[in-house]
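S.K.: So the chains spell out like this:
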Amino acid sequence: MAASIPAIAASAEVKAGRPAGRRLKVGAIGVGAFSFWDYTWGDILSPRGETINRGSLGTELLNMEIAYVWDRDPDTARKFAEKTGAKPVARFDGMVGRVDGVAFGGYYEVPWQHKLARPYIEAGMPVYLSRPFAYSLETIDEVLDLASKHGTPIMATDIYEHLYGVATIKKNAGRIGEIECVNSTCLTSDYPALFHTQFMIPKIFGYGISKVAVFTDNPNAAKYLSASYLFDGWEGQKPFLCHSTMTPRGDLYSLTVNGTEGIESSRLPVFAEWRDDLLVHHVPMLTAMQRTFEGNNFEDFDIVRKKTELFLTGFYSATERNGAPVDIGTVPPRWNAAPAQPDWIDEGIF
Amino acid sequence: MNCKIAITDFSATANYYGSEEYMKGSRRRFIRNSAAGAGAAATGTVLTRSASAQNRKTPSVELLKVGVIAMGDNSHMNYSIWAPTINPTEPEVWPMRTTRMQITHCWDRDPEIAAAFAKKYKCETVKNYYDMVGKVDGMIFAGFNECKWWPELTKPYLEAGIPCYINRPFAYSMKAAKQIVDTARKHNTPILCTDEREYIKEAHVGHWKVGELLKDGKQILGVTSDNSAGYEYPQHGVHGLYFMLAILGLDVSEVSFQADGWWREVTPTAKKAMTWGTLNLRYNGIDIEGAGKQTKPFVATQQQLSGYGANAGMRIYHTGGWWDIMNHWTRGEKLNRLYYLFFPTIFAIQRMFETGQMQWPYEYILKKTKIFLTGFKSHLEHGGAMLKVDDLPDNWEAPSPYPAWIDESIFR
Chain V
1 MAASIPAIAA SAEVKAGRPA GRRLKVGAIG VGAFSFWDYT WGDILSPRGE TINRGSLGTE
61 LLNMEIAYVW DRDPDTARKF AEKTGAKPVA RFDGMVGRVD GVAFGGYYEV PWQHKLARPY
121 IEAGMPVYLS RPFAYSLETI DEVLDLASKH GTPIMATDIY EHLYGVATIK KNAGRIGEIE
181 CVNSTCLTSD YPALFHTQFM IPKIFGYGIS KVAVFTDNPN AAKYLSASYL FDGWEGQKPF
241 LCHSTMTPRG DLYSLTVNGT EGIESSRLPV FAEWRDDLLV HHVPMLTAMQ RTFEGNNFED
301 FDIVRKKTEL FLTGFYSATE RNGAPVDIGT VPPRWNAAPA QPDWIDEGIF
Chain D
1 MNCKIAITDF SATANYYGSE EYMKGSRRRF IRNSAAGAGA AATGTVLTRS ASAQNRKTPS
61 VELLKVGVIA MGDNSHMNYS IWAPTINPTE PEVWPMRTTR MQITHCWDRD PEIAAAFAKK
121 YKCETVKNYY DMVGKVDGMI FAGFNECKWW PELTKPYLEA GIPCYINRPF AYSMKAAKQI
181 VDTARKHNTP ILCTDEREYI KEAHVGHWKV GELLKDGKQI LGVTSDNSAG YEYPQHGVHG
241 LYFMLAILGL DVSEVSFQAD GWWREVTPTA KKAMTWGTLN LRYNGIDIEG AGKQTKPFVA
301 TQQQLSGYGA NAGMRIYHTG GWWDIMNHWT RGEKLNRLYY LFFPTIFAIQ RMFETGQMQW
361 PYEYILKKTK IFLTGFKSHL EHGGAMLKVD DLPDNWEAPS PYPAWIDESI FR
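Chains as they are written, first to last, in the working numbering: chain V, 1 to 350; chain D, 1 to 412.
Okay, chain V solo, but in the shape it has when bound (with noise of 0.2 Å):
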């Protein structure tokens, strides 16, 4: 995998029209059923103060507007074009070359991701790839090649991954001592959501989990949910165990870390309002994904894979081995994860 990319080719319609100061167009992919498009990012972004579900800012935050949109039902792209002054497209692909950037919003699109963003990665157009970001370790592969190929900058991150906490953590770990265990719980009904702690996680403590144990009663619709990563360690620090557990209710998320010398705890509570909940909980998500659609790529595309391996891994733990730990590097690579909904996207368009 390539550890850096060359120059960007940016795509002839709006590199020879972007006079300075424009707003980047971005394209919505996917703007129904579990999108962050319709649940948040249409209110932050909506250019005329038009509610799209909780209610707009009121004032514009970002240098992004929603130039074009497709959604897999014809019906669901208008609605959402009429609320946000943005244009729908017929097909999957007829963003091309219109648009500085896609982002796709959805849930249930994922496991057909790597087919509907082939377009736009092959154009070297810049995109943001929805979490879990790919089911088997084949297509996440594929993607990334592709982007590797072609230049194209990625963003593949989780909404957790942003979040002022991580670097808090972080900084106050180092205080503790040596780390003994982590706990943590997630605000999640099923095991592809737990995505939110699972790459939150490793974004504290590193990439150098070595094992994922996952077990529930049913990945995609669980009425318990539990997971454990054993992290390796490093130089003055022993392996140790993070385990997290499904909360259907409750805090966003929390974390406690147990060390030699002391605990460092962090939580993010159901917000009260909801413009905190966007400008804390989304808006900062945004903001990357701005700056990469100007042009710069997010992280490296290796841990974009380590991030898609411990999903899949963990639903192999689940879904194969009855929860038992699964080492990380040992799910084939044509395995695939089980889609919650298997049926979303029509072939056919491809």
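Keep in mind the hints are simulated off the structure, nothing from the lab. The beta carbon of each residue, even a glycine, is placed where N, CA and C say it ideally should be. Hints may contain errors.
To be verified - Label-pair distances were calculated between CB atoms; the ranges are:
#1 V:Gly236 <-> D:Trp329: 21 to 31 Å
#2 D:Lys334 <-> V:Arg54: 38 to 48 Å
#3 V:Glu178 <-> D:Ser253: 17 to 27 Å
#4 D:Ala273 <-> V:Arg275: 53 to 63 Å
#5 V:Pro269 <-> D:Gly307: 31 to 41 Å
Place chain D on chain V using the hints.
M.R.: Coordinates of chain D only, in the frame set by chain V:
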């Protein structure tokens, strides 16, 4: 000096000793002891054990005579933990008499260990493991290394109706566990298998809190816990298990023990020393009589740690937030740690010896042993996968870290 304290004890507890509860216990002892005495005489066994000493009514000012088996490595009677709280011969550790028990006799597989213990705590050694029958009011099987042979070592005493404390993890197979329980049940002998973390205040408060949450209409969503496990499962990991069971109940459907080993050092049966581990219980729900019930399943996970400044702790996540409880490592003089962590177990032992009543029924002991063994099997044979407790075969046997600890010829 002892007499004076005993009188004080009596005056303080006069109401109890005249109570129906105490008398019921006394009658049970009399009936049990009489039957045991008759039975022993009738069989004409080589080991003639006179139960006549059991027929005497224990005066309230006398100390209960206690026999101890196993005082060596990994025993609670070693390391100045239990012994000085019963026989206060180490004033720098435990300065005064605080129980109605006196260790009068002892046996260990190593006569030198037994002699040293007897000298230190001013009791008598016996030559054979069964020689305390007829001499004591209760037995404490205090070891850990001897667990594999508890069925044989406890048998003479269970058959004689002598209340027995049998140290955790109780048995290495359900077959052995049932053997002990069946013998006890047949002779109406009370037994107790508990540990300090099941009996500390935090376990009781935690259980009460769960009841309160259920009564308030809350649901338990998940639990994380920690346990000072000393890098092994059967000796100290089980402490953490009992802590979880004491708080959350026994309605455990599946168990997994995920670790890189199960014992703290390499032995003939332990191929790798453990460096990390997590014990996971999948609950069907919780039902606390008089408080509330939950049928929604959840998972309780416990990290097995060492040296983090606490003995056991728990965070309970519920529909409304979370609740923490922690039993911290007690600081200051040694007495503090003994009192807050270990002494509640001593208290429970005395209560059983005195009243003849069991803290928990036989079925409770069998169920928690089955949960413990299921975790062991998960680790050894299934790579840490979740296993159903109900599927554990009776004849599946967990390894003892020291499989040749006892010379089995002593049982012939």
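S.K.: Next step is simple, just say for each hint if it's right about the structure.
M.R.: Now the hints, each set against the structure:
Between Gly236 of chain V and Trp329 of chain D the C-beta distance comes to about 23 Å, which sits within the given range of 21 to 31 Å. Distance hint for Lys334 of chain D and Arg54 of chain V: a CB-CB separation of about 60 Å, inconsistent with the stated range 38 to 48 Å. In this structure, Glu178 of chain V and Ser253 of chain D break the distance hint of 17 to 27 Å, their C-beta atoms being roughly 35 Å apart. Taking 53 to 63 Å as the suggested C-beta distance range, the pair Ala273 of chain D and Arg275 of chain V conforms, at roughly 54 Å.
The hinted range of 31 to 41 Å is satisfied by Pro269 of chain V and Gly307 of chain D, whose Cβ atoms lie roughly 32 Å apart.
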